[in-house]
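Trainee: What follows is each chain in one-letter form.
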Amino acid sequence: MWEYTKKVKEHFLNPRNVGELEDPDGVAEVGSMACGDALKLTIKVDEGGKITDAKFQTFGCASAIASASALTEMIKGKTIKEAEKLTNQDIAAFLGGLPKEKMHCSVLGRQALEKAIANYRGIPQKEEEGKIVCECFGVTDQEIERAIRENNLTTVEEVTNYTKAGGGCENCHDSIREIIERLRTEKRPVTKPRLSNIQKIKMIEETIDREIRPSLKHDGGDIELIDVIGDRVLVATRGTCAVCTASEQTLKNFVEIKLKELVWPDLVVEEVAA
Amino acid sequence: MKTIYLDNNATTQVAPEVLEEILPYFHDLYGNPSSAHSFGGQVGKKIRESREQVAAFLGAEPEEIIFTSCGSESDNTAVMSALATQGGKRHVVTSRVEHPAIKSLGAHLANRGYRVTEIPVSGDGHLDMDRYEKSLTPDTAIVSLMWANNETGVLFPVEKAAILARQRGLLFHTDAVQVVGKMPVDMKKSPIDMLSLSGHKIHAPKGIGVLYVRRGTKFSPFLIGGHQERGRRGGTENTAGIIGMGKTCELAALRMEDENTRVKGLRDKLEEGILSKVPSCRVNGDRLNRIPNTTNISFESVEGEAILLMMDEFGICASSGSACTSGSLQPSHVLRAMGVPFTMAHGSIRFSLSVYNTEEEIDLVLEKVPEIIERLRSFSPYWKAGERVCASV
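Just so you know, the sequences run in chain order A and B. Everything in the first sequence is counted per this note's numbering, starting at 249 for the first residue and increasing by one. Everything in the second sequence is counted per this note's numbering, starting at 3 for the first residue and increasing by one.
Hint data in this document are derived by calculation from the structure and do not stem from the laboratory. Note that this is a predicted model, so its numbers are computed, not measured. Built from N, CA and C at the ideal position, the CB exists for glycine as well. Worth double-checking, as some hints may not be accurate.
Pairs of lysine-lysine, DSS-like flavour, derived with a Cα cap of 25 Å [unchecked claim]:
{"id": "1", "chain 1": "B", "residue 1": "K105", "chain 2": "B", "residue 2": "K208"}
{"id": "2", "chain 1": "A", "residue 1": "K303", "chain 2": "A", "residue 2": "K326"}
{"id": "3", "chain 1": "A", "residue 1": "K254", "chain 2": "A", "residue 2": "K298"}
{"id": "4", "chain 1": "A", "residue 1": "K254", "chain 2": "B", "residue 2": "K105"}
{"id": "5", "chain 1": "A", "residue 1": "K379", "chain 2": "A", "residue 2": "K292"}
{"id": "6", "chain 1": "B", "residue 1": "K208", "chain 2": "B", "residue 2": "K162"}
{"id": "7", "chain 1": "B", "residue 1": "K279", "chain 2": "A", "residue 2": "K363"}
{"id": "8", "chain 1": "A", "residue 1": "K450", "chain 2": "A", "residue 2": "K500"}
{"id": "9", "chain 1": "A", "residue 1": "K465", "chain 2": "A", "residue 2": "K450"}
{"id": "10", "chain 1": "B", "residue 1": "K370", "chain 2": "A", "residue 2": "K255"}
{"id": "11", "chain 1": "A", "residue 1": "K508", "chain 2": "A", "residue 2": "K465"}
{"id": "12", "chain 1": "B", "residue 1": "K208", "chain 2": "B", "residue 2": "K47"}
{"id": "13", "chain 1": "A", "residue 1": "K326", "chain 2": "A", "residue 2": "K379"}
{"id": "14", "chain 1": "A", "residue 1": "K465", "chain 2": "B", "residue 2": "K370"}
{"id": "15", "chain 1": "A", "residue 1": "K465", "chain 2": "A", "residue 2": "K448"}
{"id": "16", "chain 1": "B", "residue 1": "K91", "chain 2": "B", "residue 2": "K48"}
{"id": "17", "chain 1": "B", "residue 1": "K136", "chain 2": "A", "residue 2": "K303"}
{"id": "18", "chain 1": "A", "residue 1": "K448", "chain 2": "A", "residue 2": "K363"}
{"id": "19", "chain 1": "A", "residue 1": "K254", "chain 2": "B", "residue 2": "K220"}
{"id": "20", "chain 1": "B", "residue 1": "K279", "chain 2": "B", "residue 2": "K386"}
{"id": "21", "chain 1": "B", "residue 1": "K220", "chain 2": "B", "residue 2": "K91"}
{"id": "22", "chain 1": "A", "residue 1": "K257", "chain 2": "B", "residue 2": "K191"}
{"id": "23", "chain 1": "B", "residue 1": "K91", "chain 2": "A", "residue 2": "K292"}
{"id": "24", "chain 1": "A", "residue 1": "K257", "chain 2": "B", "residue 2": "K370"}
{"id": "25", "chain 1": "A", "residue 1": "K255", "chain 2": "A", "residue 2": "K324"}
{"id": "26", "chain 1": "A", "residue 1": "K329", "chain 2": "A", "residue 2": "K348"}
{"id": "27", "chain 1": "A", "residue 1": "K329", "chain 2": "A", "residue 2": "K292"}
Non-contacting residues of chain B with respect to chain A, defined by C-beta distances greater than 12 Å in every case (computed) [as the list claims (entries may be wrong)]:
{"id": "28", "residue": "K4"}
{"id": "29", "residue": "D30"}
{"id": "30", "residue": "G125"}
{"id": "31", "residue": "E302"}
Distance ranges between label pairs, derived from CB positions [as the list claims (entries may be wrong)]:
{"id": "32", "chain 1": "A", "residue 1": "K500", "chain 2": "B", "residue 2": "T263", "range": "56 to 62 Å"}
{"id": "33", "chain 1": "A", "residue 1": "E258", "chain 2": "B", "residue 2": "A109", "range": "38 to 44 Å"}
{"id": "34", "chain 1": "A", "residue 1": "E434", "chain 2": "B", "residue 2": "K279", "range": "20 to 26 Å"}
{"id": "35", "chain 1": "B", "residue 1": "M185", "chain 2": "A", "residue 2": "R430", "range": "55 to 61 Å"}
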């Protein structure tokens with residue numbers, strides 16, 4: 249069972265602004281029945297460019313309904329200019345967060361809003377921009393790139409959570425990986441400022457706490473930072489990791505990769521007995 | 003709020019009689035059945051009795067019963083044993099609608115160079131027997147077909163399929179997790195070589211499974227360790243689980259009649275009631291050829307997880323084959339294999355009953371479900387009241 253926040257449940261059980269506005273100034277339909285969620289958004293805009301009313305209809309799970317309800321609440325009373333700044337993260341935050349596998353519900357909301365604003369401005373509906381990467385869910389490279397940039401996504405799994413791309417036959421996983429890799433190299437500064445030892449240790453500790461420990465704990469394991477000597481990160485394994493034959497792989501393929509990515513690319517993780 | 007539990011294909015409550023039987027084995031009688039002292043020996047004796055109870059229920063011999071930790075372990079053991087004992091053979095036959103214990107194992111084997119044939123099913127969930135027969139080759143190490151489908155309850159003609167395998171000298175395994183306790187099983191008269199069952203689906207605790215292995219079948223253990231289970235499954239016995247399994251088999255034999263009359267009647271009432279009260283819904287799978295406790299109903303234009311969560315508000319527990327429920331993005335592989343359209347697959351709900359369900363519970367579900375569907379459809383862009391015609395079969 250998904251762990252939804254109280255606010256998600258509340259917006260699901262009592263969604264606001266359900267329905268379809270008559271004579272809307274902007275209309276958007278996104279998603280499809282085949283994909284498992286779809287959203288129709290209608291908005292009314294006054295002469296001053298303010299959104300005076302918004303209504304939605306959703307086919308989808310609890311978080312899709314709650315995200316659409318949240319979206320309408322968030323945009324009512326805002327000007328078009330203010331509304332177009334909304335991101336999918338804002339929608340998720342309004343609801344007190346969404347399970348990561350359900351982030352695509354918030355992306356669907358943002359897509360609907362953009363489309364409704366474009367429709368209000370009289371911009372003709374364009375064909376999907378970019379080329380389709382995920383055939384199963386019809387997701388383009390541009391949508392994937394945008395989700396990666398706006399949400400700092402680093403893995404195929406995360407891209408699937410946010411865009412659904414790669415969630416079907418999985419044939420496009422290599423293409424998604426290439427896009428992630430391309431954006432990562434674009435983003436990386438040419439020279440990274442040298443870290444002081446104290447900065448480095450602090451960042452390593454933070455990364456272990458935030459990114460690494462929760463996953464290990466999930467399987468009953470843990471690691472402890474023993475020392476940092478130059479670029480060598482010395483750790484001791486705890487809990488199930490201490491007796492697990494795969495812990496070496498976990499250290500190399502998970503811990504080290506995370507630390508390289510988030511702290512310093514030259515770090516090497518070594519296990520010590522302690 | 004009272005829980006109305008209609009998710010018995012997922013797991014069941016431990017029968018009070020079973021609980022009473024096993025409790026002493028957690029504290030007073032905690033001995034190791036393999037010990038030389040009589041404190042452990044008395045537990046060993048009880049385990050022998052449990053093995054006899056399980057064997058009697060299945061029409062098997064006690065030495066044909068191997069206790070495992072779950073249905074998945076039994077399934078894995080059967081297939082891996084067949085491959086290990088017939089080293090040259092590289093082909094496995096199964097179906098497209100198997101439980102993940104077989105389906106994922108098949109994918110795992112395919113990645114390791116084995117050839118895995120998944121036999122398709124028809125729209126109502128029946129195995130394509132023609133394709134099945136043609137798939138059998140001298141290279142086939144084992145056939146593994148589920149007896150009843152966990153999502154739809156549809157039965158495969160496994161005994162007929164097992165005869166076809168036997169005629170060619172091929173091993174046949176069935177995952178009978180959803181059948182045992184609901185339909186009579188008699189291994190003495192059966193052509194099946196190996197059969198898996200799971201305790202927690204039939205009112206024993208979680209963590210206990212059984213693999214039946216016909217006498218004379220070559221066997222290779224999956225879990226290597228001590229001499230337990232006559233060297234066929236290492237690891238200290240789950241004594242309470244095994245004793246619970248024995249007791250639950252004894253009870254199941256007595257309850258089979260109730261399961262096929264009263265429980266079936268409740269299931270039919272639930273199904274008929276929903277079909278008559280809710281427009282545009284349909285039953286997935288053959289309604290005649292099914293286990294008596296299961297119905298799988300699709301509601302057009304609504305999504306399954308949303309239905310489950312609204313039912314949850316009333317304490318009603320069921321399952322869905324929708325994508326959103328599982329965390330994957332595609333609806334149930336079973337419904338897709340049956341060609342259920344996406345519009346219907348996303349809105350599928352499985353209700354699975356047990357002997358503990360009552361008519362009052364079904365009446366309450368029949369009151370709430372139509373309201374829930376109507377409410378969710380009022381949110382849906384695909385639903386225009388009155389415009390759809392009833393698609394029920």
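Trainee: Taking the hints in turn, state whether each one holds.
Mentor: So, going through the hints one by one against the coordinates:
Only pairs whose Cα atoms come within 25 Å are accepted, and K105/B paired with K208/B is accepted, the gap being roughly 21 Å. Straight-line distance between C-alpha atoms of K303/A and K326/A comes to about 14 Å, which keeps the hinted pair within the 25 Å bound. Annotation: proposed proximity of K254/A to K298/A is violated, straight-line Cα distance about 30 Å (limit 25 Å). The suggested pairing of K254/A with K105/B is violated, with an alpha-carbon distance near 36 Å, which exceeds 25 Å.
The suggested pairing of K379/A with K292/A is violated, with an alpha-carbon distance near 32 Å, which exceeds 25 Å. As the CA atoms of K208/B and K162/B are separated by approximately 31 Å, the hinted pair breaks the 25 Å bound. About 38 Å separates the Cα atoms of K279/B and K363/A, which puts this hinted pair outside 25 Å; it is violated. Only pairs whose Cα atoms come within 25 Å are accepted, and K450/A paired with K500/A is accepted, the gap being roughly 20 Å.
A threshold of 25 Å between alpha carbons decides the hint, and for K465/A with K450/A the separation of about 21 Å falls inside it, so the pair holds. As the CA atoms of K370/B and K255/A are separated by approximately 24 Å, the hinted pair is consistent with the 25 Å bound. For the hint linking K508/A to K465/A, the alpha-carbon distance of about 21 Å falls within 25 Å, and the restraint holds. Distance hint between K208/B and K47/B is fulfilled; the C-alpha atoms sit about 22 Å from each other, no more than 25 Å.
With a C-alpha separation of about 33 Å, the suggested pair K326/A and K379/A falls outside the 25 Å cut-off, and the hint is violated. Under the criterion of a C-alpha separation no larger than 25 Å, the hint pairing K465/A with K370/B is inconsistent with the structure, at around 40 Å. Distance restraint check for K465/A and K448/A: the Cα-Cα separation of roughly 24 Å lies within the 25 Å cut-off, and the hinted pair is therefore satisfied. Our distance criterion of 25 Å between C-alpha atoms is broken by K91/B and K48/B, whose separation comes to about 40 Å.
For the hint linking K136/B to K303/A, the alpha-carbon distance of about 56 Å lies beyond 25 Å, and the restraint is violated. Taking the CA atoms of K448/A and K363/A, the gap is about 44 Å. The hint is violated against a cut of 25 Å. For a cut-off of 25 Å, the pair hint linking K254/A to K220/B is broken: about 56 Å separates their Cα positions. Between the alpha carbons of K279/B and K386/B the distance comes to roughly 17 Å, so the proposed pair stays at or under 25 Å and holds.
Of the supplied pair hints, the one linking K220/B and K91/B holds, its CA atoms being roughly 14 Å apart against a limit of 25 Å. Distance restraint check for K257/A and K191/B: the Cα-Cα separation of roughly 53 Å exceeds the 25 Å cut-off, and the hinted pair is therefore not satisfied. Restraint check for K91/B and K292/A: the C-alpha separation of about 68 Å exceeds 25 Å, so the hint is violated. Straight-line distance between C-alpha atoms of K257/A and K370/B comes to about 19 Å, which keeps the hinted pair within the 25 Å bound.
Between K255/A and K324/A, the direct Cα distance comes to roughly 18 Å. Compliance with the 25 Å bound is thereby established for this hinted pair. With a C-alpha separation of about 29 Å, the suggested pairing of K329/A with K348/A is violated against the 25 Å cut-off. Simply put, K329/A and K292/A have alpha-carbon atoms about 14 Å apart, close enough for the 25 Å limit, and the pair holds. Every beta carbon of chain A lies more than 12 Å from that of K4/B, the smallest distance being close to 19 Å; the non-interface claim holds.
The beta carbon of D30/B sits about 30 Å from the closest Cβ of chain A, which is more than 12 Å, so the claim that it is off the interface holds. Taking the minimum C-beta to C-beta distance to chain A, about 18 Å, the non-interface status of G125/B holds against the 12 Å cut. A beta-carbon of chain A comes within 12 Å of the beta-carbon of E302/B; the shortest separation is about 9 Å. Checked against the hint of 56 to 62 Å, the C-beta distance between K500/A and T263/B comes to roughly 60 Å, which is consistent with it.
With their beta carbons about 40 Å apart, E258/A and A109/B fall inside the hinted range of 38 to 44 Å. Between E434/A and K279/B the beta carbons are some 57 Å apart, a value that contradicts the proposed interval 20 to 26 Å. The hinted window of 55 to 61 Å between M185/B and R430/A holds, with their beta carbons roughly 57 Å apart.
The earlier numbered hints that this structure contradicts are 3, 4, 5, 6, 7, 13, 14, 16, 17, 18, 19, 22, 23, 26, 31, 34.
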